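Generate coordinates for the entire structure from the input sequences, incorporating the hints supplied.
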Amino acid sequence: MNFFSKILKVIIVILLLIPIAKAVPNVSFTQQINAGILSVDVVGGSFNSVATPSFSLSPLSLSIVCQTATGTLGTPTQKIYVQNPGQANYGWVVNISATNGNTSAWVNQSAGANYDYNDGSGCADGPDADSIGGQMTINPSTGALTTGQCTGCTTTGVTLGSSAPFVQGTTDSITILTGSAGSEDIADYLITGIGVSQSVPASQPVANYKMDLTITVISL
Amino acid sequence: MRNFKSEKIKILNSFLILTLIFLGFVFFTPNTARAVSAGQISAVPANPRPENPRTTSIFVYTAKPGDIIKDEVLLSNISPQESKVNLYATDSIPSNTGTPSCEQELDTRDEVGHWINIDNGLPFIPAESSMRAPFNIEIPKDVKSGEYNGCMILQVAEPPTTENPGISLKTRLALRVVILIPGEIHKDLEITKVTPLVENSRYLIKPELENKSNVSLDTDITVTMKSFGLFDYYSNTLKTSFLRDAKAFSIFDFKYSEWGGIFKVDVSAKYDSNPANELNGANPEYKTKTNTIWILMWPDFLHLAIMCGIFAILLIIVDRYFYKKITKK
Chain A
1 MNFFSKILKV IIVILLLIPI AKAVPNVSFT QQINAGILSV DVVGGSFNSV ATPSFSLSPL
61 SLSIVCQTAT GTLGTPTQKI YVQNPGQANY GWVVNISATN GNTSAWVNQS AGANYDYNDG
121 SGCADGPDAD SIGGQMTINP STGALTTGQC TGCTTTGVTL GSSAPFVQGT TDSITILTGS
181 AGSEDIADYL ITGIGVSQSV PASQPVANYK MDLTITVISL
Chain B
1001 MRNFKSEKIK ILNSFLILTL IFLGFVFFTP NTARAVSAGQ ISAVPANPRP ENPRTTSIFV
1061 YTAKPGDIIK DEVLLSNISP QESKVNLYAT DSIPSNTGTP SCEQELDTRD EVGHWINIDN
1121 GLPFIPAESS MRAPFNIEIP KDVKSGEYNG CMILQVAEPP TTENPGISLK TRLALRVVIL
1181 IPGEIHKDLE ITKVTPLVEN SRYLIKPELE NKSNVSLDTD ITVTMKSFGL FDYYSNTLKT
1241 SFLRDAKAFS IFDFKYSEWG GIFKVDVSAK YDSNPANELN GANPEYKTKT NTIWILMWPD
1301 FLHLAIMCGI FAILLIIVDR YFYKKITKK
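As you go down the protein sequences, you meet chains A and B in turn. If you number the first sequence the way the numbering used here does, the last residue is 220 and the count never jumps. If you number the second sequence the way the numbering used here does, the last residue is 1329 and the count never jumps.
Note that these hints are calculated values from the structure, not bench results. In this text the structure is predicted, and so the values were computed from the model without any measurement. Be careful, since some hints might not be right.
Stated by the list, open to error - Below, computed lysine to any residue pairings styled on SDA-like, alpha-carbon distance capped at 20 Å: (1) B/K1239 x A/A181; (2) B/K1206 x B/D1218; (3) B/K1170 x A/F47; (4) B/K1170 x A/L190; (5) B/K1206 x A/S163; (6) B/K1206 x A/L190; (7) B/K1170 x A/G101; (8) B/K1170 x A/T156; (9) B/K1239 x A/P85; (10) B/K1170 x A/T192; (11) B/K1255 x A/T146; (12) B/K1170 x A/T77; (13) B/K1206 x A/I186.
As structure tokens, this is what we get:
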């Protein structure tokens, strides 16, 4: 008896549900997908953003002659990552320049003897307003350009820049990467191995020096 | 006899403590560990004009001296937490390639960067949402006709970083602000030089250009290479923008020919020469400038050896052929 009453209850419930199911209108879902975010970032191996990205140039010993320190912008643990998910279809450019402007310099907080990053005369002090020498050269042509997380994307229409030194008032910004308007509208790219060299004036005091660079992606 | 009630209370207490520890970990972890990255915030023009599709990605205006332009930038944050951003305007400068670049926040603003006033330069963007940031541009009354470029910059407002020796890196997003003051507009572009280069094992053609206009020019630069001037070897087009009065260049990578050869290199630069047209305007009148050079590529050692071998065999065959002819007579 108990068994039959259970079966009866189930049948009644099903019969009650049928008209309810029929009364439910067709549900339509809408999904809007907007263009993504044009961005440049410094990321690690799994595309996670590096909190305080930085790199060092090769250490030098105090010398009575001009020396050159070298380094690499874009390493396996700090890759330059550019994303254009459909936001800049008329092209984009990635540039690098000094964060504190073209009158800034390599700062030595202990000894106070700074040196320049954009003196057109190299190690010697040139015609710019300051009285310090030194010049930094960025060489994107040594870099390796690959696609990022996008499967099936190519680097067509995307070009690494060419070697150039900073010169105050003339070359304050150096192009690392150019995405032509003909490049893929939705793609992402990784750059490693950009050469950086800095000529350091003779007899520069022993100390740790520091400067900041800013990488900008600009929508054209 | 087991006391199930006290065991249940113990389990509940442990669960409560673990939950509190987890919540404490989530809410009191230092901000740097949960910082919003550059790829999670964006800025685009909030009011694009349908007649100029370019205005979906940059700001393009035509204005008269003394005008005040009111507009908004749409800021978005796709991260699950509120983000404080730094929104500011700068003047534009040409990069070493002649393409638009932006001055830094600390640089003195003399032009478009100075004309732009942003209502709130340090807004908080709520998590997973967008907001409009109003700004206005006051065009000076004495400004001359021509195009003026600036930048609207969006940067994650970061806490002061530790003082590491070496080079610290920051990243930012910039949107071009292009303002055309109508009047005497002239558009002219010259290809000043075409140079073949070998740089770090890259084989390059470097066309150098000079934008002699008082406006920026969107330019299609095409490089074609033909072996002996007849057979297609390489062709590529780069579409980019050069600032007014800028000396510019582009880089084209081509594949080195192991067999060597003589190549005709044609460079063309196509731009809109209609002075009445704003950037990406609806009525372009295209003009093309060209320049041609010839380059000689030497074969590599292996292919040179193969070619010498083939040439030597041919010489021997010809020599034998004529030798036999002469001896028959």
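Here's how the hints hold up against the structure:
The suggested pairing of B/K1239 with A/A181 holds, with an alpha-carbon distance near 5 Å, which does not exceed 20 Å. With a C-alpha separation of about 18 Å, the suggested pairing of B/K1206 with B/D1218 holds against the 20 Å cut-off. Taking the CA atoms of B/K1170 and A/F47, the gap is about 17 Å. The hint holds against a cut of 20 Å. The straight-line distance between the Cα atoms of B/K1170 and A/L190 is roughly 16 Å, inside the 20 Å bound, and the hint therefore holds.
Distance restraint check for B/K1206 and A/S163: the Cα-Cα separation of roughly 12 Å lies within the 20 Å cut-off, and the hinted pair is therefore satisfied. Taking the CA atoms of B/K1206 and A/L190, the gap is near 24 Å; set against the 20 Å cutoff, the hint is violated. This hinted pair checks out: B/K1170 and A/G101 have alpha carbons roughly 13 Å apart, not beyond 20 Å. Taken as a hint, the B/K1170 and A/T156 pair is broken in the structure, with Cα atoms around 27 Å apart against an allowance of 20 Å.
Simply put, B/K1239 and A/P85 have alpha-carbon atoms about 18 Å apart, close enough for the 20 Å limit, and the pair holds. Distance check on the hinted pair: B/K1170 and A/T192 sit about 16 Å apart at the alpha-carbon level, within 20 Å; holds. Annotation: proposed proximity of B/K1255 to A/T146 holds, straight-line Cα distance about 18 Å (limit 20 Å). Proposed proximity of B/K1170 and A/T77 is supported: the alpha carbons are some 16 Å apart, at most 20 Å.
Taken as a hint, the B/K1206 and A/I186 pair is broken in the structure, with Cα atoms around 27 Å apart against an allowance of 20 Å.
Hint compliance for this structure: hints 6, 8, 13 are not met, and every other hint is.
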